[in-house]
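A.B. asks: Position chain B against the provided structure of chain A, taking the given hints into account.
For the record, the sequence lines run as chains A and B. Count along the first sequence from 1, add 27, and you get the number used in my numbering. Count along the second sequence from 1, add 27, and you get the number used in my numbering.
Source of the hints: derived by calculation from the structure; they are not laboratory data. Incorrect hints may have been included.
If several chains are the same, the list does not tell them apart, and a pair holds so long as it fits within one copy or across any two.
Distance condition first, Cα-Cα at most 25 Å in a straight line; then the derived SDA-like pairs of lysine to any residue [stated by the list, open to error]:
(1) LYS70 - SER91
(2) LYS104 - HIS85
(3) LYS212 - SER324
(4) LYS300 - TRP281
(5) LYS298 - ASP239
(6) LYS212 - ARG102
(7) LYS284 - VAL328
(8) LYS192 - GLU117
(9) LYS42 - HIS84
(10) LYS218 - SER82
Number of protein chains: 2
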Amino acid sequence: MRIAIDAMGGDHAPKLIVEGALEAANQFTDTHLILVGDEAVIKPLLAGKTYSNVSIHHAADMISAEDEPVRAVRRKKDASMVVAGRLVREGEADAMLSAGNTGALMATGLLIVGRMAGIERPALAPMLPTIDNTGVLALDLGANMDAKPEHLLQYAIMGSLYREKVHGISKPRVSLLNVGTETNKGNELVKETYHLLEAAPIHFTGNVEARDVLQRNCDVLICDGFSGNILLKAMEGTAGTIFAELKTAFGSSWLTKLAAAIMLPRLRQLKQKMDYKEHGGAPLLGLNGLVVKCHGSSDVVAVKNAVRQARLAIQNNLIASIAAEINKK
Amino acid sequence: MRIAIDAMGGDHAPKLIVEGALEAANQFTDTHLILVGDEAVIKPLLAGKTYSNVSIHHAADMISAEDEPVRAVRRKKDASMVVAGRLVREGEADAMLSAGNTGALMATGLLIVGRMAGIERPALAPMLPTIDNTGVLALDLGANMDAKPEHLLQYAIMGSLYREKVHGISKPRVSLLNVGTETNKGNELVKETYHLLEAAPIHFTGNVEARDVLQRNCDVLICDGFSGNILLKAMEGTAGTIFAELKTAFGSSWLTKLAAAIMLPRLRQLKQKMDYKEHGGAPLLGLNGLVVKCHGSSDVVAVKNAVRQARLAIQNNLIASIAAEINKK
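Pulled out of the complex, with its shape left as it was, chain A reads as follows (with noise of 0.2 Å):
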């Protein structure tokens, strides 16, 4: 197994990138992991140490935070997002990993990766937060603005496949994010998606409201990019605002000082839950290949879970079955 890893991209880039793939190329000594990028910066980060599974490849160029997506990923030919995903094209890695700018992540995945034969709209696949923490993959989160209930099927199909191939979900139950359970509900685009998903290869459990989406009653929400912006952002908002509200109320006296010292490791947990970052890089699905979007701030962890991950991807043959299923149809 050869994985890609652009260690330009990313606020921690590319010390806790490199050191993340060392980490991992330590662990999982079966896969050989790339480096791409400027070698002049990466090698001295190897810190004399050689890896039999560690290789650098030079990239002259990156795509910075504040690149506009397609022109860069059209432009910078050398910068090591490209490099990484043309390596992905021409199976030279079996996958790709990226922390760097999200908009180039995806365009890199449909101009230089490829669509799948058969795909019409690849999806952005993170997971979100559950309350039992073991989250919940949701998609498309931001891909695809404008989307359709056959783009929507898709989702279910490929996100269906992700669920089982790596994280070992058998029967994965899928649902579809909505404004009520009843099947009537909702816009005419979540009400023709409905029919779809019922004679869908997948388990399809029924309409899901956001106010249930942490209780975790599904493993895999469907909604169009738009929604599911809306949806994840909300959630983040308001667990950001009501965090910051208790710390406000925690530091106000001597007492709540006291009271914030008894419950500190508590809610330290407690906004780990309701942390989305925790929960591993998000497969972009519906390509020629395997490219993971690590969140922006990965840091070592981040980067050795999310190579943990393309490697299940790999080993289970996800890219595979998600393309015999959906020619199938």
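C.D. replies: For chain B alone, kept in the frame of chain A given last:
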């Protein structure tokens, strides 16, 4: 001013609805309140007192929470909600309030009170909580699932006038719910709407992301009914889950119970801040008269506040102002 109150709708109807109406009658002596419902049930609740500005309008039937909205409104011609709507349509009341079945109230608005000329789709406009406790008027929150840009434009005009006339805000800041703050973000619906709002006779302040709604960076939030519902319920569900987890955490030992005792007043305050039920009734805008939806769990204070709100809208000619602005275009 005459305000019709559906005395039979809501979790605490008729008792708390009638009590709330009596308190309002006491406070607002210039306002005549018409209690619509079963006279045999309502009369004893007046406790022998006579109010010169309270009357009972008998309605033999009622719509329950379980009734199928449109069918119930069509068939139950003597239901208290339907009769209250008829009083508005026939000019016998200037406004109506109900804490009953939301879907049925929207149907009453459309089928009994009637759409305002020039308005394509009425909108339900509750206040969402904000952390500074002032709230933001959001519309549409579920009346219209498949909105067009022109509908969103009308929501913006109506919402802006409501904030001005009822809440006394001059130049209310109107924002569009979107996935990013940049002009070119979002799906086709919001991209087109953005341009319409730029040209509209309102103070348009651009896009707002779901994560920033609680920070109250606008006075009116424009969204389609589907996304609006996702936003509201995601906020509600996240806050509810965090408070439930906090409760468990605070209850886990005698030491954490001590911390809970210290923090209780502050936690209560925070919980109240996050509760959208605290922010009064939600007007249904775009009808030939004022219809206010009170929360199902409305108590005496909620009913009194809804009367206050309706009174301000009547005094300041809300409906006529909306009609004038809509027909200018």
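A.B. asks: Using 25 Å as the alpha-carbon threshold, which applies to LYS212 and SER324: within, between, both, or neither?
C.D. replies: between (38 Å within a copy, 23 Å between copies)
A.B. asks: Regarding LYS70 and SER91, is the shortest C-alpha distance of 25 Å or less found within a copy, between copies, in both, or in neither?
C.D. replies: within (21 Å within a copy, 72 Å between copies)
A.B. asks: From the Cα coordinates, with 25 Å as the cut-off, is the pair LYS218 and SER82 best called within, between, both, or neither?
C.D. replies: neither (50 Å within a copy, 45 Å between copies)
A.B. asks: How would you classify LYS284 and VAL328 at a CA-CA limit of 25 Å: within, between, both, or neither?
C.D. replies: neither (32 Å within a copy, 35 Å between copies)
A.B. asks: With identical chains, the pair LYS42 and HIS84 could be close in the same copy or across copies; at 25 Å between alpha carbons, which is it: within, between, both, or neither?
C.D. replies: within (16 Å within a copy, 76 Å between copies)
A.B. asks: Using 25 Å as the alpha-carbon threshold, which applies to LYS300 and TRP281: within, between, both, or neither?
C.D. replies: This pair counts as between: shortest inter-copy Cα distance 24 Å, intra-copy 28 Å.
A.B. asks: At most 25 Å between CA atoms: does that hold for LYS212 and ARG102 within a copy, between copies, both, or neither?
C.D. replies: between (45 Å within a copy, 22 Å between copies)
A.B. asks: Classify it for me, LYS192 with GLU117: is the Cα-Cα distance of at most 25 Å met within a copy, between copies, both or neither?
C.D. replies: Answer is within; shortest intra-copy Cα gap is 24 Å, inter-copy 64 Å.
A.B. asks: Checking an output row: LYS298 and ASP239, CA cutoff 25 Å. Within, between, both or neither?
C.D. replies: Close inside one copy (18 Å) and across copies (19 Å); limit 25 Å.
A.B. asks: First find the shortest C-alpha distance between LYS104 and HIS85 inside one copy, then the shortest across copies, and answer within, between, both or neither for a cut-off of 25 Å.
C.D. replies: within (12 Å within a copy, 77 Å between copies)
In this structure, the hints that do not hold are numbers 7 and 10, in rising order.
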